[in-house]
Each structure stands twice: as structure tokens, then as C-alpha cells.
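Listed below are the residues making up each chain.
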Amino acid sequence: MIFEQFRRSLAITKKDLSIFYLKGPVMLSGLLMPAFLFIAFVFGRKLSLEFLLPSLLGMTLFVTVSSIGPIIAPWETRMRTFERLVSAPIALWAIILGDIMASFSFGLFITLFIFLASIILLGMEIVSLSLIIGTILAAFCFSSLGLVISAPPTDNPSNIMMLSTLIKFPMIFISGIFIPIGEMGDWKIISYISPLTYYTDLARYTIGGNYFSPAIDLLVLLGFNILFFAIAVKWHKKNLAKRF
Amino acid sequence: MHAITAENLTKKFNGFAAVDDVSFTVESGELFGLLGPNGAGKTTIIRMFTGVLKPTGGTARIGKYDIQRNPLEAKQLMGIVPEMANAYVDLSALKNLLLIGELYGIRKKERGEKAEYLLKLFGLYEKKRQKVKTFSKGMEQRLIVAMGLMNDPKLLFLDEPTSGLDVESVILVRELIREFNNNGTTIILTTHNIEEANQLCDRVAIMNHGRIVAIDRPEELKRTIQSTTSIEVAFTTKVNAEELMFDNVNEIKKVGDKLRLYAEKPEDIIPILVKYAQFSNNKIISLNTLAPNLEDVFLKLTKNEGK
Chain A
1 MIFEQFRRSL
11 AITKKDLSIF
21 YLKGPVMLSG
31 LLMPAFLFIA
41 FVFGRKLSLE
51 FLLPSLLGMT
61 LFVTVSSIGP
71 IIAPWETRMR
81 TFERLVSAPI
91 ALWAIILGDI
101 MASFSFGLFI
111 TLFIFLASII
121 LLGMEIVSLS
131 LIIGTILAAF
141 CFSSLGLVIS
151 APPTDNPSNI
161 MMLSTLIKFP
171 MIFISGIFIP
181 IGEMGDWKII
191 SYISPLTYYT
201 DLARYTIGGN
211 YFSPAIDLLV
221 LLGFNILFFA
231 IAVKWHKKNL
241 AKRF
Chain B
1001 MHAITAENLT
1011 KKFNGFAAVD
1021 DVSFTVESGE
1031 LFGLLGPNGA
1041 GKTTIIRMFT
1051 GVLKPTGGTA
1061 RIGKYDIQRN
1071 PLEAKQLMGI
1081 VPEMANAYVD
1091 LSALKNLLLI
1101 GELYGIRKKE
1111 RGEKAEYLLK
1121 LFGLYEKKRQ
1131 KVKTFSKGME
1141 QRLIVAMGLM
1151 NDPKLLFLDE
1161 PTSGLDVESV
1171 ILVRELIREF
1181 NNNGTTIILT
1191 THNIEEANQL
1201 CDRVAIMNHG
1211 RIVAIDRPEE
1221 LKRTIQSTTS
1231 IEVAFTTKVN
1241 AEELMFDNVN
1251 EIKKVGDKLR
1261 LYAEKPEDII
1271 PILVKYAQFS
1281 NNKIISLNTL
1291 APNLEDVFLK
1301 LTKNEGK
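The listed protein sequences derive, respectively, from chains A and B.
Counting in this note's numbering, the first sequence runs from 1 upward without gaps.
Counting in this note's numbering, the second sequence runs from 1001 upward without gaps.
Incorrect hints may appear among the rest.
[To be verified] In silico DSSO-like cross-links for lysine-lysine, where the CA-CA straight-line distance does not exceed 30 Å: (1) A:K238 to B:K1012; (2) A:K242 to B:K1133; (3) B:K1064 to A:K242; (4) B:K1137 to B:K1108; (5) B:K1108 to A:K14; (6) A:K238 to B:K1064; (7) B:K1283 to B:K1265.
It should be emphasised that the hints constitute simulated quantities derived from the structure, not laboratory data.
All of these numbers come straight from a predicted model, not from anything done at the bench.
Next comes chain A alone, as it looks inside the complex (with noise of 0.2 Å):
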């Protein structure tokens, strides 16, 4: 039963990815992103590649990653699809984690791209087994979040890509992106309870410059995986009948 309530949800991812994500300006917009980022950084701070990297990789997943999963229950609302889909032999924890598994994929096709053109164009090799875990388990988390945000059952996309913006802007600034987390002195307590600190600190392991421990990253990224997840599934199925 729960496997075939898995295949269902793929059927959820790929429609999304169809509908949301395997278009031009979304794709090339989500690979010209991490370039901009990486010659602004370069050029405007003056910062060294072996701090950089780990930071554009963590940003950019968590940027990609979160971006359009937010938007896609209020457009199905408003599009008045979603109906559909509720009534269908599906259950709400297969459509949600359809939802995730799509942005999911988008954000691992980007940073593969990020780990190829650091290797090939920098010659850096920052890519661990650790790291690898830690991108598919952050990839997961950030998209999970970005379900969450989306929980208010609104119609309108922009109110969502509004709260989006109010929760993940700060969260950029906390997370030991632009400043290193040994660094932030009594602040590093805030820190803490941004998932996107431990990718970031995790990527930085096999450069060095790492605050915690890879295994204290993974199991803490583990752990905001399952919160958030089941964060999303309670709070979609509190709101349901109010999109209705």
C-alpha cells in the first residue's frame, strides 16, 4: 500500500516538474543564478574560493531548492486542480511528498552543475561522500520547508512567495553563508536553528573551515528533515477544507 502510494506521488512529481520547472526561463535562470552569485561574491568582496564555494553551494541549493515549491498548493488552489487531485486515491502525505520530490530533483540538477564547474572550471574538489548525503538530505529539507511555507490555504501565489521571502531572506544572513559561524561570536546561538547552517558548515569539511562535526551536520539535517515533513503534512491537512 505504501509503495504504490510512493509511485503515485511520482506521478505528482512529474507533473510538477512538467508544469513548473522543465521550462526555459526557469531552468536557465536557475543555472545563471549561481554564476551571478559567484562573480558578484568574487568580485565584490574580495573573498577566497576555498570560502566561497561551500557558501554559493549552500545558497543556491537552498535559493533553487525552496523557490517554486512554495507557490505550486495556492496555484493549484486558484487554477482549482487541487480538488482534483484531493479526490483522487492519493493521500495528502503522497501529494506533498510529490511536491517535494520536484523541487527536490531541480535543486540536484543545479548543484550538480555547481559541483561540475567547480571541479572542471576551478579545479576544487570539495565533493565528499558526506557532502553528497548532506546535499540530498538538505536538498530534501529546504524543499520541505518550502511546503510548509506553503501551508496557508491561500489562492494567491504572491502572498506565499511574500511569507517565502520573510522566512528565508534571514535565514541566508544566520547561517554562516558570509560570515563563518566561529566567527559570529555570541550570535552563532541563532544559528543554530537553520538547517541551512549545517549544509553549509558541511560542505566546508573537506576544504576546512568546518564548526561541527559531518556526522552532527547529516543527523541534524536528518532530523529537520522529518520536522519539517511532518510539519507540512499536519498543516496541509489542517487547512484542506479551507481552499475549498
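Chain B: place on chain A using the hints.
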């Protein structure tokens, strides 16, 4: 076993009862109509049966499954054409059907064949690879009905399936509803189109203010209000309705350029109308006696309920 069962089904929104303690059953193979004005609670009932809304009280069962306790098993048995739902406009007609096939767990080969069959049946085969955003309203609605049939449902919920359609699509959809019902599919049809319910349904439940005010075969419902037998008359020169309010006339309504006189014995009214025409130097153009129709039943019942 009944195809569907509603037991004391109730749905309240902020204290307001959209569906108020409704109980009924529908037998397998029946074409059952839920008829009522906008806001009567028809769509809310359908949404509770399809698991979209949770009832405030009572139960909704699909066959042996309670939709709240066994939602996936219950949903697997039914096809749905929701009133407010759309197809995915950025997908092609074929991809929309295949998506539904996947959501119902239909195997790849089978869902491809079924999708092609339905596209042909609904006259959409030539445009199967076109995005739905290029479709007319009629074409999109035909696709939405086809999506409801992808899983060969034993039970089909059709919520206002012909609302806002062009005549050609209405005829096609109605023919297909009859055909699927003749092949054994139980159909629950909600409509505010009285004639549609009259033409299609084995039984009709008339709803008003969240309650079922009558439930029976259309002909039986008509028999319950024999007092609304009427005569429709048109004169060459316009006549004021008050002038025709004879002793045994209960009510007069203006219907276009005609006047409809309601009476228990219309045969007594005809000679009076002829005399009236002679004395007033007027001529009768047309004169028809009308049996009560479902519209009369509907108006009488919903009017009484409103008082």
C-alpha cells in the same frame, strides 16, 4: 449493498449548516440526481462523499467503505467530475488523462489504451497533444468528464457536468452519461437544470437550504402536485392577468407573451376563456393544457421550504 449511503450527514461552516442531517441511499446501477438552487448544499454533499470535506456529523459510505475511515479504498471505486475543477491547462489532453491514470494506479499499457479510447469517445483525439489552454470551454469540460472515467469507475460523481457548455457538448455529455449508466455505472448527478434531471435521472432528490425536501422518481414527484395542472393561453390582444382570475383559478403567471392559469380542473376553465374572448372581442391564438412538470414540483417544494 447500496452504492452510496448518507446517514445523518451534516456539514457546518462557522455554525451555518450547509448540509443539515441528510440521509439517503443510492442503489447500484441507478442514475440519481441531486437537484436544487445554488447554495442548496449539493456540491457540499458531493465533496463529503469524495473525501474533500470532512463531515461535521454523520457518515458518507461508498459501498462498504466509510470515506473518512477508508478514504483510499473508497476513492479507488469512484470517478469524479467536480464542478469547480479544471484540467491542467499547461499539459496536453493526453498527459492530463495519463496523470489521472497514474493517480489511480492503472498500469502503463492499460492507461495509454484507456486514454486513447476516451479521447476518441469524447472527440478530442485529433487534439490530444495540444495543451488544454488552447481548448474551448466545451472541449475542456469534455476532457474533465473523460478524466472522471479513466479508472472505469463503478460509481461516477458528476457535479454540474453540463454547466456553461455549448449545445453540442451538452448533447454529447448527456448521451455518454446515459450510455455509461446503461452499462452499469452508478451515477450521482448534481444539477440545477431541472429538465436535465427529468430527462436523465431514475430518482431525484430535491434539496433546499441544506436539506432534502423530496426524494422520488421524477414522475412520482410530479404526481404529488396535481393541483398545479395548468392552461397556457395566448390572445391576439394583450390581456391583463387580473382579468382572468376566475373563481376556480388558483394562480396566474405570465410566461413570455402567454398567461399560465393554474387550476385543479383545467377543463372547467376552457369554456370560460372562450366566452371571455367572445365578450371582449379578442381571439385566442393558442391554448394548451399542461401537466405539472418537475420545475413546478421544484418551485413548490423549495418555496414551501423557504417559508
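Taking the hints in turn, this is what the structure says about them:
1. Between K238 of chain A and K1012 of chain B the CA atoms are separated by roughly 16 Å; this keeps the pair inside 30 Å, and the hint holds.
2. A threshold of 30 Å between alpha carbons decides the hint, and for K242 of chain A with K1133 of chain B the separation of about 27 Å falls inside it, so the pair holds.
3. Between K1064 of chain B and K242 of chain A the CA atoms are separated by roughly 28 Å; this keeps the pair inside 30 Å, and the hint holds.
4. Distance restraint check for K1137 of chain B and K1108 of chain B: the Cα-Cα separation of roughly 29 Å lies within the 30 Å cut-off, and the hinted pair is therefore satisfied.
5. Note on K1108 of chain B and K14 of chain A: the hinted pairing holds, with a Cα-Cα distance of about 14 Å set against a maximum of 30 Å.
6. Using a Cα cut-off of 30 Å, the hinted pair K238 of chain A and K1064 of chain B holds, with the two alpha carbons roughly 26 Å apart.
7. Simply put, K1283 of chain B and K1265 of chain B have alpha-carbon atoms about 23 Å apart, close enough for the 30 Å limit, and the pair holds.
In terms of the numbered hints stated before, the structure departs from none.
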